[in-house]
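Going down the list, the sequences are from chains A and B. Mapping of the first sequence onto UniProt numbering: residues 1 to 316, in sequence order. Mapping of the second sequence onto UniProt numbering: residues 1 to 508, in sequence order.
Since the hints were made in silico from the structure, they are not lab data. Just so it is clear, CB atoms sit at the ideal spot from N, CA and C, and this is done for glycine as well. Check before you lean on any hint, since a few could be wrong.
Over the 10 Å line for every Cβ pair with chain B, so calculated as not near, a few chain A residues [to be verified]:
(1) D37
(2) D128
(3) Y177
(4) D185
(5) K194
(6) P207
(7) P252
(8) D264
(9) D286
No more than 25 Å apart at the CA atoms, straight line, and that leaves these computed lysine to any residue pairs for SDA-like [as the list claims (entries may be wrong)]:
(10) A:K77 to B:E291
(11) A:K77 to B:R489
(12) A:K260 to A:S116
(13) A:K166 to B:S460
(14) B:K244 to B:V412
(15) A:K276 to B:N351
(16) A:K174 to B:H413
(17) A:K77 to B:S467
(18) A:K174 to B:P462
(19) A:K130 to B:G458
(20) A:K174 to B:E448
(21) A:K174 to A:S116
(22) A:K174 to B:S467
(23) A:K174 to A:V315
(24) A:K310 to B:I190
(25) B:K244 to B:E291
(26) A:K77 to B:S460
(27) A:K276 to B:R490
(28) B:K102 to B:I190
(29) A:K140 to B:T122
(30) A:K277 to B:L342
(31) A:K140 to B:V402
(32) B:K102 to B:V426
(33) A:K310 to B:A456
(34) B:K102 to B:A394
(35) A:K140 to B:Q459
(36) A:K260 to A:D293
(37) A:K174 to B:G458
(38) B:K248 to B:F195
(39) A:K276 to B:S352
(40) B:K102 to B:L386
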Amino acid sequence: MKNFLAYGALALSMMATPALAEPADVMAPGGPGGGYDAMARLPFQAMREAGIFTDGAQFTNRGGAGGTIGLAEFVNKNEGNDNAVMSMGAILIGGILINNSPITLDDTVPLVRLISDTGAIAVPPDSDIKTPQDLAAALKENIGAVPIGGGSAGGVDHIAAALLVKAAGGDVAKLNYIPYPSGADVVTNLAGAKIKVGISGISEFKPLAEAGRIRIIAVTGEERIEGIDAPTLKEAGLDVVVSNWRGIIGAPDMSDEGRKMWLDRFAKMHESEAWKKILTQQGWEDAYLAGDDFVSFLEEEAERQEEILKSVGLVK
Amino acid sequence: MEALTSLLGGFAVAIQPMNLMWAFVGTLLGTAIGVLPGIGPALTIALLLPVTSYIDATGAFIMFAGIFYGAMYGGSTTSILLNAPGESGSMMTALEGNKMAKNGRGAAALATAAVGSFVAGTIATIGLTFLAPPIAELAFIFGPEDYFALMILAFTSVAVVMGTSRVRGFISLFIGIALGTIGIDQATGIFRLTFGVRELADGVDLSVVLVSMFAIGETFYVASRYSKTPPAINPVAGGAWMTKDDWKRSWKPWIRGTFLGFPIGALPAGGSEIPTFLSYFMERKLSRKPEEFGHGAIEGVAGPEAANNASAAGVLVPLLTLGLPTSATAAIMLAAFQNYGLQPGPLLFINSGDLVWGLIASLYIGNIMLLILNLPLVGLWVRLLLIPRPYLYAGIIIFALVGIWGVSQSVVHLITMLAVGVLGYVMRVYDFPIAPVLIGLILGPMAEVQLRRALAIGQSDPLVLVSTPISATMIALAVAVFVVPLIMRRFQPGAPEPDDNPVMGDQR
Chain A
1 MKNFLAYGAL
11 ALSMMATPAL
21 AEPADVMAPG
31 GPGGGYDAMA
41 RLPFQAMREA
51 GIFTDGAQFT
61 NRGGAGGTIG
71 LAEFVNKNEG
81 NDNAVMSMGA
91 ILIGGILINN
101 SPITLDDTVP
111 LVRLISDTGA
121 IAVPPDSDIK
131 TPQDLAAALK
141 ENIGAVPIGG
151 GSAGGVDHIA
161 AALLVKAAGG
171 DVAKLNYIPY
181 PSGADVVTNL
191 AGAKIKVGIS
201 GISEFKPLAE
211 AGRIRIIAVT
221 GEERIEGIDA
231 PTLKEAGLDV
241 VVSNWRGIIG
251 APDMSDEGRK
261 MWLDRFAKMH
271 ESEAWKKILT
281 QQGWEDAYLA
291 GDDFVSFLEE
301 EAERQEEILK
311 SVGLVK
Chain B
1 MEALTSLLGG
11 FAVAIQPMNL
21 MWAFVGTLLG
31 TAIGVLPGIG
41 PALTIALLLP
51 VTSYIDATGA
61 FIMFAGIFYG
71 AMYGGSTTSI
81 LLNAPGESGS
91 MMTALEGNKM
101 AKNGRGAAAL
111 ATAAVGSFVA
121 GTIATIGLTF
131 LAPPIAELAF
141 IFGPEDYFAL
151 MILAFTSVAV
161 VMGTSRVRGF
171 ISLFIGIALG
181 TIGIDQATGI
191 FRLTFGVREL
201 ADGVDLSVVL
211 VSMFAIGETF
221 YVASRYSKTP
231 PAINPVAGGA
241 WMTKDDWKRS
251 WKPWIRGTFL
261 GFPIGALPAG
271 GSEIPTFLSY
281 FMERKLSRKP
291 EEFGHGAIEG
301 VAGPEAANNA
311 SAAGVLVPLL
321 TLGLPTSATA
331 AIMLAAFQNY
341 GLQPGPLLFI
351 NSGDLVWGLI
361 ASLYIGNIML
371 LILNLPLVGL
381 WVRLLLIPRP
391 YLYAGIIIFA
401 LVGIWGVSQS
411 VVHLITMLAV
421 GVLGYVMRVY
431 DFPIAPVLIG
441 LILGPMAEVQ
451 LRRALAIGQS
461 DPLVLVSTPI
471 SATMIALAVA
481 VFVVPLIMRR
491 FQPGAPEPDD
501 NPVMGDQR
């Protein structure tokens with residue numbers, strides 16, 4: 001009965017789409033409205049608009065523990081399923097390390113890195129902290145009294161916070177970091193001044209920053225971002241650069257044909273106008289890297305993150 | 001009244017034949033998925049997202065909103081007639097609604113649910129029209145300590161009022177909270193109580209427990225009592241429709257349910273569960289006939305059902321005004337907005353006024369459609385109870401097993417279903433209320449996250465938990481719910497001991 005209905009709904013959607021096939025199963029290992037969520041949905045939007053893959057997709061949101069909860073569910077459910085993919089990113093690598101996850105990226109088939117989303121540091125509008133230097137001073141003075149909210153424990157936001165404390169000369173072990181399952185949660189608690197500082201992607205901060213509900217005081221990338229009136233941390237004298245790249249991985253034991261099919265689709269999507277439009281809309285930078293290159297990048301990235309996480313005491 | 005002018009403009013958009021058709025398709029589909037367990041509005045809208053490439057934005061959103069509202073309507077039917085709620089928002093409806101159905105008053109229960117949904121949906125939509133910006137501000141006011149206090153209030157009120165004694169209520173609640181701790185810990189990634197079973201890493205699935213506790217446990221119970229039961233009363237006869245007294249007893253719960261559901265639904269961590277729990281509790285406390293609760297009190301259907309629908313309108317508030325999706329369904333709608341190049345938020349009302357007001361106007365129309373669609377069906381649905389019980393319950397078991405298997409294809413889920421079903425049966429036999437188990441399972445993990453967050457922000461000072469007016473008030477209420485009846489008893493020596501109730505019924 002349930003399936004009957006699902007097929008009914010599917011039939012409805014198929015009336016509108018030309019090809020007949022199964023929709024993809026897409027896992028977003030983060031809460032609705034966050035970065036992983038967008039990374040799961042928007043490539044499929046672009047592929048549909050460009051006519052590359054038009055069979056639709058079914059999305060599951062499973063946030064928490066650096067994305068390892070979603071990863072575990074993805075791996076448990078989709079052994080050998082050529083139709084299942086998952087959005088992921090830098091945060092997941094740290095999440096796996098810190099959470100000592102029994103399930104790692106080795107259990108999956110990496111496909112592509114697509115974008116990098118510049119991080120930002122924001123404060124409530126009437127905060128005493130107005131510049132990165134103010135923040136550094138506050139962290140040095142009484143770090144416990146400066147709760148910093150961001151994504152899951154061990155994610156890029158957490159790493160950025162730890163590096164920031166280190167650069168400011170504070171005690172990293174006492175960092176008061178509050179993990180949230182999605183960027184939308186960080187933004188609400190920040191605008192409500194429940195936390196003193198928030199770290200998240202620019203795209204998640206932008207709408208409320210424009211509405212004057214929060215204030216962006218710095219960006220965490222190499223360079224300033226067009227349209228955002230805030231310095232990089234480097235400019236402010238704090239030697240911290242963190243990039244939050246995101247990409248797509250395939251189900252465990254995906255067949256070679258399945259892998260090739262998805263790599264083809266993403267290669268075409270990357271060239272499409274629809275994807276370029278999304279990049280601009282979201283304020284994402286293109287960071288396309290596919291196949292084996294992506295696999296070796298993942299290995300390097302895991303080593304690099306492990307080193308940072310160890311140096312700040314998050315991984316033993 | 002600028003909003004009124006805009007709304008009239010919106011009606012002009014919504015009343016166009018094409019848009020009326022989309023509203024009809026949406027409400028019909030929504031009602032259908034609400035009746036079925038497991039499949040919800042989020043999944044349905046996700047499946048329909050591709051249509052956004054082919055139909056205009058206004059039509060698509062009118063249809064999506066119809067699905068969303070319709071699902072809230074449909075959920076009550078299986079709860080009332082079969083004691084098998086399909087989603088957590090209609091769980092509380094099952095408690096009194098199913099008792100009413102067993103007393104031959106199923107039609108009245110379905111009617112008060114349908115009319116209550118209409119009243120709540122309409123009032124909440126009026127709230128959305130005129131109060132959206134201030135209500136949206138609640139999202140910023142509520143901090144972790146406030147959410148935690150709200151959940152503690154839900155815990156105590158539910159454990160205290162349900163079942164034959166508060167000891168049983170709390171035992172049920174703690175079983176639920178314990179079930180909720182199974183799985184990877186959200187904050188640290190540590191595996192808890194999984195005993196090496198990889199499938200349990202994701203925790204115990206809520207829909208599995210919901211279906212097993214109610215449908216499977218109920219089936220076992222009916223089967224075990226089958227030969228002993230007297231010939232069933234004709235379930236369709238007698239007070240087939242709402243009586244004058246029913247209307248009198250229903251309208252206040254509808255209104256109260258709406259005022260609980262709408263603002264809580266607008267909170268990022270609000271959802272539909274807390275307002276339905278609180279509404280049930282409130283009606284039980286305010287009722288002139290509290291002794292009827294547990295035996296089919298119409299207030300216990302009217303209030304939670306209204307709260308459930310009002311919370312759905314509440315979810316649209318932060319989505320439309322701030323661009324914040326606070327539920328899976330809202331997140332999918334946000335994705336649909338982005339498909340059209342629209343960014344929900346403060347500017348949406350200015351940039352795409354036609355669409356937003358058309359959408360809001362269609363909510364009013366959709367509500368009327370749902371009422372017209374549902375009321376005549378009441379007579380038809382009730383006939384379901386005329387099916388001989390062995391066939392009916394065999395059907396329910398198949399329905400439940402296939403539903404859960406269809407979603408996960410997981411053997412662990414089927415084993416969990418059986419185990420939880422047996423637990424549900426044992427709890428029925430020994431008179432433990434089953435709703436607190438679900439409440440513990442749903443809210444326990446949420447309460448844990450908010451507690452940790454509040455303590456971290458407050459640097460481990462426990463006083464932070466009562467540091468805001470909202471949290472202090474809620475905690476005080478929670479304590480009062482627990483303590484006041486004890487004190488009252490001291491001063492009324494003749495009053496019966498609530499902890500020592502000798503009545504052994506099949507109360508749940």
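Quick one, are K310 (chain A) and I190 (chain B) close enough, alpha carbons at most 25 Å?
Given that 25 Å is the threshold and the Cα spacing comes to 19 Å, the pair holds.
Straight-line Cα separation of K174 (chain A) and G458 (chain B) no greater than 25 Å?
holds (14 Å)
Restraint check for K77 (chain A) with S467 (chain B), where alpha carbons must lie at most 25 Å apart:
Violated: K77 (chain A) and S467 (chain B) sit about 43 Å apart, past 25 Å.
Straight-line alpha-carbon gap K77 (chain A) to R489 (chain B), limit 25 Å:
violated (54 Å)
Would you assess whether P252 (chain A), listed as outside the interface, keeps its beta-carbon beyond 10 Å of every beta-carbon in chain B?
With a cut-off of 10 Å, P252 (chain A) remains clear of chain B, as the shortest Cβ separation is near 12 Å.
Within a Cα-Cα threshold of 25 Å, do K102 (chain B) and I190 (chain B) meet the stated pairing?
Not satisfied, since the Cα-Cα distance of roughly 46 Å exceeds 25 Å.
What's the verdict on K260 (chain A) and S116 (chain A), does the C-alpha distance respect the 25 Å limit or exceed it?
Cα-Cα ~23 Å, so holds.
Agreement of K140 (chain A) and Q459 (chain B) with the hint, judged by alpha carbon distance not exceeding 25 Å
holds (16 Å)
K140 (chain A) paired with T122 (chain B) [C-alpha distance capped at 25 Å]
Distance of about 54 Å is beyond 25 Å: violated.
Distance restraint between K174 (chain A) and S467 (chain B), which requires alpha-carbon spacing of 25 Å or less:
Within the cut-off at roughly 23 Å; holds.
Restraint status (C-alpha distance of K102 (chain B) to L386 (chain B) at most 25 Å)
With a Cα-Cα distance of about 11 Å, the restraint between K102 (chain B) and L386 (chain B) holds, given a limit of 25 Å.
Would the non-interface assignment of P207 (chain A) survive a Cβ cutoff of 10 Å against chain B?
violated (5 Å)
Hints 1, 3, 4, 5, 6, 10, 11, 14, 16, 17, 21, 26, 27, 28, 29, 31 and 38, counting from the list given before, are not met by this structure.
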